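Q: Starting from the known structure of chain S, fit chains W and B onto it as the hints suggest.
Chains as they are written, first to last, in full-length UniProt numbering: chain S, 1 to 360; chain W, 1 to 329; chain B, 1 to 378.
If a hint is listed, it holds; no wrong ones were tucked in.
To spell it out: a stretch of chain W is covered by chain B in this simulated footprint if at least three of its residues, at any positions, have a beta carbon under 8 Å from a beta carbon of chain B; those stretches are: (1) 167 to 181; (2) 260 to 271; (3) 280 to 289.
Label-pair restraints from in silico Cβ distances: (4) S/Gly68 x W/Asn210: 27 to 35 Å; (5) B/Ser150 x W/Tyr127: 43 to 51 Å; (6) B/Ala229 x S/Asp323: 27 to 35 Å; (7) S/Leu207 x B/Pro118: 25 to 33 Å; (8) W/Pro124 x S/Gly68: 28 to 36 Å; (9) W/Tyr162 x B/Pro188: 21 to 29 Å; (10) W/Leu121 x S/Asp323: 36 to 44 Å; (11) W/Tyr162 x B/Pro118: 51 to 59 Å; (12) B/Ser189 x S/Thr201: 47 to 55 Å; (13) S/Cys44 x W/Met227: 33 to 41 Å.
These aren't lab readings, by the way, just hints derived from the structure by calculation.
Quantities reported herein were computed from a predicted structural model and do not represent experimental measurements.
The C-beta atom is built at its ideal place from N, Cα and C for all residues, glycine as well.
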Amino acid sequence: MSHALQDQRPAPARKSPAPAGLTRGGLPRWAPAGIAVLSIALGCGIGLVADLHSKIQWGLIASLLFIGITYAASAVVENRRQAKDRVTTSLVWVCFVLAVIPLLSLIWTTVSRGMKVLDGDFISHSMNGVTSFEEGGGVYHALLGTIEQIALATLIAAPIGLLTAVYLVEYGRGSLAKAVTFFVDVMTGIPSIVAGLFILTTWNLALGFGPSGFAGSMALSILMMPVVVRSTEEMLKLVPNELREAALALGVPKWRMILKVVLPTAIGGIATGLMLAVARIAGETAPIMLLVFGTQLINNNPFEGAQSSLPLYIWEQYKVGSDASYDRAWAAALVLIAFVMILNLVARGIARWKAPKTGR
Amino acid sequence: MASTTPTRIDTAPPVSKSGRSTGRAGDKIFAGLSKGSGILLLVIMASIAVFLTYRASIALSKNEGNFLTTFDWNASATPPVFGIAVLLFGTVVSSIIAMAIAVPIAVGIALFISHYAPRKLAAPLAYVVDLLAAVPSIIYGIWGALFLVPQLAGLNLWLDEYLGWTYVFDKTQVGVARSLFTVGILLAIMILPIVTSVSREVFLQVPRMNEEAALALGATRWEVIRMSVLPFGRSGVISASMLGLGRALGETMAVATVLSPSFLISGHILNPGGGTFAQNIAAKFDEANEFGRDALIASGLVLFLLTLLVNGAARLIIARRKDFSGANA
Amino acid sequence: MKLQRKNMLRASALGALVVSGALVLTACGSDDNTKTADGATKASAPAAGDVKCDDAKGKLLASGSSAQKNAVDLWVKNYMAACSGVEVNYKSSSSGEGIVAFNQGTVGFAGSDSALKPEAVEESKKICTGGQGVNLPMVGGPIALGFNVSGVDKLNLDAATIANIFNDKIKKWDDEAIKKLNPGVTLPSTPIQHFHRSEDSGTTENLGKYLKATAGDAWPYEAAKKWPAPGGLGASGSAGVATQVKQVDGAIGYFELSYASAQGIKTVDLNTGAAAPVKASSETASKAIAAAKVAGTGSDLALKLDYTTKAEGAYPIVLVTYEIVCDKGNKAETLPTVKSFLNYTASDAGQKVLSENGYAPIPAEINAKVREVIKSLS
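Pulled out of the complex, with its shape left as it was, chain S reads as follows (with noise of 0.2 Å):
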């Protein structure tokens, strides 16, 4: 669909001139391009002239330039309702310019600072003997501690998310079903703090156990289950009914129907819902704070002592406000960025590589 789509994309934009060159004058093909370029340099030119010290603003006055003289050079040139159709267009595109500026910058800041420190020896040292102002130590034990707490927190959300999903879409019914579709709803709005708090003061205070990552994965898990319960949903109601009609015709009872068909043809979609849901609390800093304790050494048992994470570790060095401590917390940021992106990457890779063949 959207590929037919965008096959028409180009289509118009060269047609629009053509038209109005039968009838009146239109601008040349290369005009967006040439205000766009006069434009910013006049914003770089008001910028420095008048000493406007942030490049923000040379942006805004760049911006409102293209599209005001876009607009008054098509009103002069070609008509008003043509003049319309390029100012929004050249909205549109500094919208896109807008947001993708900032957006850029954030990876740019993140790489270039991150790169300073980031290395071999930072992602295979802890920060044992580090002192906050020194410089050295590195990331290890926060990424074996991230990766632990995300393996159990996944061990114990996933099944628990998966035969909720399955029980919403293959059984449920009545009140029951409807309870728990809502209360999947509200689970989805708990701040990541208030999950961190439960367990808390049940797990650690009520049942007196210690600090250790396996409390943070159960406060993790919390936060997983909703959005698991949520997009396997969605995965099997793709699942075309005569799937399962055909196959129990055939005598096979509903249990192995359900595990050898329904679920397998909607293995991809239930696969990328997963690692969206791992990549989104691999970031979580509130509830990891709280459970984990943090610590600057290994710890590879997560259900005894405390340990540490990248979340935690990057707030860790940015309270610490040393030169030192910036450089890593930026390269532990570049760290997870590049954790979260590679799980967001296989989720894609498997959803392309199969994708539910129903529908559009």
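A: Only chains W and B this time, still in chain S's reference frame:
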């Protein structure tokens, strides 16, 4: 709803006799398991709700101030005095600023990707925007505090100078741009990807016939969009915005790093100061004693209800338009 | 069906890959930073005799004040270098969090910028079977007023002026009151931006106590952990305040001296009424702390500081961080480690680390009592 058909099949007698006994037992176990996890989920949720309300009620019963109108948060003191007025104001204002900036721009980008961008650019762009939705908020936070805040100083002066007469943009207090306005901008940047990607999905679903018909009548590209794309996509954009709003309301780390909090309500959004629910919880939690934590939980409960309301509204709108599902967003 | 089986196979292969990847990761990390941090240490490595490991073992968790973080970091580093097999993990968050964690039994000891309040002592009796939480003064330090005014390298202020600055009464750097205290210094007309801690903090409380005691009418607020005055800008943590001061022209803020030296921020010399303005430093702060009296009873060594001192070369805006432990009823598994670690920190070698890093050692006679108490912990 696919669930209606399988439900009917459920009652149909099994056809084959041979697989019957194992099948039945397996069925029972599997059905039990899946029902069980549904119930488990309910139990978890219920216990969180009970826990929250219980702790919040302890706090509220001892509060010496008015929970809704007190302009202070001194919950760890004796007697405790705290109120959510400032937090509610800050949360709502920063989210409104974020929405006012993010939604038009997001619609613009969505239109750009779906209708304006050169085809070779569109697909990778869509991809990049989706990936950006996954950048953890703590990273937005440190970027905001270390990079964005200094950059915005000039813009603030400008707004103060040229729009100061509007009251809202009157900057009466000296100080760096650690204001609700800056928080709003940062939140806008954070929710842009999600609003964009959902809106784009909707715009791509506009029936092609409508667009082609409009084009055939000689409409310009803008007229096509105004007459066929936007009306079709309106509710989708609204629900996308609601999802973004839900995220902006509960954002913790990014706000905590950027805002300079204070317990004053001020309509001058460029002044440093203000606070949001999530930021307040993160900032006060460390120093709070048991009771202070209960008070923070009470404010968390309000945030929770607020988010629930917004998410619920989004779901309602989505449900009304069946062919568009925002569940994966 | 065949296709699906293949899919399942692929999915499980993927899972296996993830698991094995995690396993490989577990194997290749290292806690050994001696190579990467070579020579960067400021503190001299302790002679083996300074640290007595006794029968310390296992892992010790502790948490609390961020004011003493930099000192504890160094202590932990030296201590763990000397005692292999012992892990001390000090989480620097805040005094309040430390006390809560201590009273919940999560940590072996807590660090706090202010002595336990009576309610907290009551609560601690639940954790300390047969005993209660006691305060051991361990780290002293000056609270520096850092400033960033372009063209100004040296700034003298007195209590009333500081109070007026933080109370929004003085708005520009070239105000008469500041000029009078700094003859011969050209002050710009930059507006003053004053920064405070946005979260509750012992540092705020100590500055408040000082201003309350000395600034008179200019500072009408009760000392509290929460910043009392309206106006100004908040930042989280001492590091946050220091970073802001460093970034913003015209800024002033307060934080422990170690943050100022780490970020190269200039600090205010305090006009206490003594003959010459006093610079914030380890020695001047020690002098002020020496005037302190023990206010606690029994094993509790909570101090009462004299903020109004006009002694020559005594810098009165100081902060004392206590380590909070149970006098009796410490957890058996962590007790030996707590004793041995605190023994080291209270020892001459341990206290020497303080003066080398912008903190102030505890005066000798109080320190002697601290060592007594540590010996008697059970």
